[in-house]
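Peer 1: Sequence:
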Amino acid sequence: MRRSLIPWLLLVASVSCSSNATPAPAAPTPQPGAGVAAAARPPAGPPPATTPPPGAPPAAGRGGPPGGFQGGPPGGGRQQLTPEQRAARRDTATAQRAAVVAELSQRIAGYETRRSGDEFTNVQLMPDTTAAQLLKTMDYYGRSLGVGCNYCHVAGGKWDEDTKEEKQTARVMIKLVNLINAQGLSQLPKNRNGQTPVINCVTCHRGNTRPGTALLP
Numbered sequence: 106m107r108r109s110l111i112p113w114l115l116l117v118a119s120v121s122c123s124s125n126a127t128p129a130p131a132a133p134t135p136q137p138g139a140g141v142a143a144a145a146r147p148p149a150g151p152p153p154a155t156t157p158p159p160g161a162p163p164a165a166g167r168g169g170p171p172g173g174f175q176g177g178p179p180g181g182g183r184q185q186l187t188p189e190q191r192a193a194r195r196d197t198a199t200a201q202r203a204a205v206v207a208e209l210s211q212r213i214a215g216y217e218t219r220r221s222g223d224e225f226t227n228v229q230l231m232p233d234t235t236a237a238q239l240l241k242t243m244d245y246y247g248r249s250l251g252v253g254c255n256y257c258h259v260a261g262g263k264w265d266e267d268t269k270e271e272k273q274t275a276r277v278m279i280k281l282v283n284l285i286n287a288q289g290l291s292q293l294p295k296n297r298n299g300q301t302p303v304i305n306c307v308t309c310h311r312g313n314t315r316p317g318t319a320l321l322p
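Numbering of the sequence shown is given in my numbering, commencing with residue 106 and proceeding in unit increments.
Among the hints, erroneous ones may be present.
Straight-line C-alpha distance at most 30 Å; calculated BS3-like pairs for lysine-lysine [as the list claims (entries may be wrong)]:
hint	residue 1	residue 2
1	Lys241	Lys295
2	Lys263	Lys241
3	Lys241	Lys272
4	Lys280	Lys269
5	Lys295	Lys280
6	Lys241	Lys269
7	Lys280	Lys263
8	Lys280	Lys241
Label pairs and their in silico Cβ distance ranges [to be verified]:
hint	residue 1	residue 2	range
9	Glu270	Arg297	34 to 44 Å
10	Gln288	Thr242	18 to 28 Å
11	Asn296	Ala260	35 to 45 Å
12	Arg195	Glu266	17 to 27 Å
13	Asp265	Glu217	17 to 27 Å
14	Lys241	Lys263	17 to 27 Å
15	Gly289	Ala200	31 to 41 Å
16	Ala319	Gly215	42 to 52 Å
17	Asp223	Ile279	12 to 22 Å
18	Gln300	Glu266	29 to 39 Å
19	Arg297	Arg212	38 to 48 Å
20	Ala203	Gln288	27 to 37 Å
21	Pro294	Gly215	40 to 50 Å
22	Ala319	Met278	16 to 26 Å
Quick caveat, the hints were computed from the structure, so don't treat them as lab data.
Note that CB positions come from ideal geometry on N, CA and C, so glycine has one too.
Whole structure, please, built from the sequences with the hints as guidance.
Peer 2: As structure tokens, then:
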């Protein structure tokens, strides 16, 4: 009698457990037009702003301190040279200018006192100075800007060509310096040596191609 009831009791217990089980939630029905990639799509809106950590260098671009720059980083702007790099650049330019001055001085040997306008061609601003003095003045211009002769002149000794913009700018700057000295500074009182104050290229350039504007300690 008891053995015959055991299978029925097991069947009732099985039905009771299955009826009390919590059904699993049904999968959401995808909206029309939605794909698999829609679930991984980032939320709409502008990307969060990134703030550089304190002490981080500024982003590359214009606005850095003037003077002593060369080339630029991949992101744009100009890269400031170290003191050692500037010194090496000046030494290279000085050696190049010295070689050119020596070559031209040998070429005009015996005619150093002739007018530069007669000894050289296309001398527009200083034709009445001597040929030797013109070479010294050109060397001074290069030293004031920390450059070699090819910065303003076409390479290959084509000194009379006017194709480079730097040469045109140099002529304008020479006229500007002469104008300031003649009509501006000439009105100032003379110094203790009895001389009128004057400016020159190095007054602003200080050995750099661009005049400095930073206040130095």
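Peer 1: Give a verdict on every hint.
Peer 2: Results for each hint:
In summary, the hint linking Lys241 to Lys295 is supported, as the alpha carbons are separated by about 27 Å, within the 30 Å threshold. With a C-alpha separation of about 18 Å, the suggested pairing of Lys263 with Lys241 holds against the 30 Å cut-off. A threshold of 30 Å between alpha carbons decides the hint, and for Lys241 with Lys272 the separation of about 17 Å falls inside it, so the pair holds. In summary, the hint linking Lys280 to Lys269 is supported, as the alpha carbons are separated by about 18 Å, within the 30 Å threshold.
A distance of roughly 23 Å separates the Cα atoms of Lys295 and Lys280; the hinted pair therefore holds under the 30 Å criterion. Between Lys241 and Lys269, the direct Cα distance comes to roughly 21 Å. Compliance with the 30 Å bound is thereby established for this hinted pair. Only pairs whose Cα atoms come within 30 Å are accepted, and Lys280 paired with Lys263 is accepted, the gap being roughly 23 Å. At most 30 Å may separate the alpha-carbon atoms for a hinted pair to count; Lys280 and Lys241 meet this at roughly 18 Å.
Between Glu270 and Arg297 the Cβ separation comes to about 41 Å, which falls inside the hinted range of 34 to 44 Å. Here the CB-CB span from Gln288 to Thr242 is close to 21 Å, well matched to the stated 18 to 28 Å. For the pair Asn296 and Ala260, the beta carbons lie near 42 Å from each other, so the given range of 35 to 45 Å is met. In this structure, Arg195 and Glu266 meet the distance hint of 17 to 27 Å, their C-beta atoms being roughly 26 Å apart.
The supplied range of 17 to 27 Å is met by Asp265 and Glu217, whose beta-carbon atoms lie about 19 Å from each other. Checked against the hint of 17 to 27 Å, the C-beta distance between Lys241 and Lys263 comes to roughly 21 Å, which is consistent with it. Distance hint check for Gly289 and Ala200: the Cβ-Cβ separation is about 36 Å, which falls inside the suggested range of 31 to 41 Å. Evaluation of the 42 to 52 Å hint for Ala319 and Gly215 yields a pass: the beta carbon distance comes to about 47 Å.
Look at Asp223 against Ile279: about 20 Å separates their beta carbons, and that is inside 12 to 22 Å. At about 37 Å, the CB distance of Gln300 to Glu266 agrees with the hint of 29 to 39 Å. Here the CB-CB span from Arg297 to Arg212 is close to 42 Å, well matched to the stated 38 to 48 Å. Between Ala203 and Gln288, the C-beta spacing of about 35 Å keeps the proposed range 27 to 37 Å intact.
In this structure the hint that Pro294 and Gly215 lie 40 to 50 Å apart at CB holds, the actual value being about 44 Å. Restraint check, Ala319 to Met278: a C-beta distance of roughly 20 Å satisfies the suggested window 16 to 26 Å.
Checked against the numbered hints listed earlier, the structure breaks none of them; every hint is satisfied.
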